[in-house]
Amino acid sequence: MAPPERAGQRTICPKCLRPLTIPAPEDSSSPAVAAEKASIFDTDVELKSSGASEVLPNFSASDTPTSIPHPTKTPYPSAMPQRQPRPMPNLPALPTRKIGGNDGLVVLNPTGMLSADLAADLTAAISMRMKPPPDPPADLRLSTGVWLMISAVALTLWLTGVFYEPTVLPFVALLGTLLLAFGYFWAVYLAGRHNWVRAVVTLFPPVTVWRLCHPFGDNGYRPLRFVLTGLVFLGLYLIGISPITRGYASQAFAALEPEKVETTTHIVTPTERLRAAVEKKQSDALVGVLTDLAHQDQIQNADDDTRTELIGDLKLLATQGRDDTRSEVRVAAIKTLVAWSPDDARTAVLGALRSTDGLERKCGLGLASRWRDDEVAAAVAARLSDRQEGPLAQDVLLAIGSPAAETALLSLLKTDEPVFVLTVIKLLDEVGGPKAVAALTELKDTVRVRALQNEAEQTANAISARLAKTKQ
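If you read the sequence shown in this note's numbering, its first letter stands for residue 370, the second for the next number, and so on.
One thing to keep in mind: the hints can contain errors.
Per label pair, the in silico range of CB-to-CB distance [what the hints assert, rightly or not]: (1) K838 / L728: 24 to 34 Å; (2) T716 / R819: 23 to 33 Å; (3) G770 / A645: 39 to 49 Å; (4) C582 / D490: 44 to 54 Å; (5) P711 / E811: 32 to 42 Å; (6) K650 / L728: 41 to 51 Å; (7) N670 / R741: 27 to 37 Å; (8) K650 / E534: 20 to 30 Å; (9) T688 / R819: 43 to 53 Å; (10) E534 / H583: 41 to 51 Å; (11) N670 / A831: 43 to 53 Å; (12) T660 / T688: 16 to 26 Å; (13) T380 / D587: 50 to 60 Å; (14) G586 / A488: 42 to 52 Å.
No lab work stands behind these hints, which were simulated from the structure alone.
Just so you know, these numbers come straight off a predicted model, no measurement behind them.
Cβ atoms here follow ideal geometry from the backbone N, Cα and C, with glycine treated the same way.
Produce the complete structure using the sequences and hints provided.
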């Protein structure tokens, strides 16, 4: 509550910053509401002053019921009264500041502007000063963008031509000429937009230079910028093609390169690789090394000493007498030995054909067609009786051909198994010669199985016909 002596003064609300007038304190001795100022909507109950006392009814209990009086209903008015306008309070003017006053209130002289508006304007001014609005973005014209792009490309080409590839330097001259011509004709166009005679006059270089140095209009010195940039790149082109510049650039580029330290590296030979893999005693790694050594590039790049040493080591690995080697290692060693020296691998292949291991026999059958001699053909023919290896052995004998395959098959005609003898007769039909004709004729006379007699006779006739046709 404000003190009574400040009643009627104007001040500013500290919360909402609105001007207000300090009200006068209420007198407790004055009546609250005058009876004559009562509203027509009030009831018939008589209004009394705050100081008057009213008699309250006695609510004490009694034995006999008492009737409770009800107030009479006030009739509703027939017409609504007109609201009277409230006059504006006559507020006193703001007092001037008293010199030496100790009331603690600072009041500015009236200026015609409310304090709230003044505070809002001050706040806006302070905010704009603390954070001014950003400047509008600069408008980059199309000509400026094209000039920047062409200049960057030309500079990159010049640096590339000076330090790396001199063949790109003519492109720098081309771009410089393009910039120069564009700026020149742009100046001519600007001069003759309203008068073609002025454009013709501007074609002469002295006039063009004057027009470029004294621009008019919105374009300013943009044509001059194109012309000067073109001249700069043409000068750079002439500098770049000079042998002196190339020499200095080569020296600078060589100075930036790190020094190369020559290191001697020992080339591992195939023999050293194989021996290192054998010492590790890892079958999978050893098979991988043997497979890699079978490639043609390893064979062609090896010298005679390396070849001799490697062939000897491969022979040791391919022999079956070594119990510490697995069949996969022996098979890989045989294949590698065949690739390095087929003549030295013949003994290893014969050993594989006569081996008790099925993987080695299969490997031997796959490599046996390289040698067409009686020993190899006999070893292959011995595998015809096997159900799994028989078809592969037949193909190998047909690949070996006559006379080695014929000799190996003739020794099998005296077998007691008719089915196997029929297989041999069919093979002789392909590789048989005069010896086969005589053996089949003898078989027809000695065998007791009718099917074998017919097959031997037909095969002998077919071989004779083929031989007679060959002689013709």
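Outcome of the hint check:
no.	hint	result
1	K838 / L728: 24 to 34 Å	violated (43 Å)
2	T716 / R819: 23 to 33 Å	violated (45 Å)
3	G770 / A645: 39 to 49 Å	holds (43 Å)
4	C582 / D490: 44 to 54 Å	holds (51 Å)
5	P711 / E811: 32 to 42 Å	holds (38 Å)
6	K650 / L728: 41 to 51 Å	violated (20 Å)
7	N670 / R741: 27 to 37 Å	holds (31 Å)
8	K650 / E534: 20 to 30 Å	violated (56 Å)
9	T688 / R819: 43 to 53 Å	holds (49 Å)
10	E534 / H583: 41 to 51 Å	holds (42 Å)
11	N670 / A831: 43 to 53 Å	holds (52 Å)
12	T660 / T688: 16 to 26 Å	holds (19 Å)
13	T380 / D587: 50 to 60 Å	holds (59 Å)
14	G586 / A488: 42 to 52 Å	holds (50 Å)
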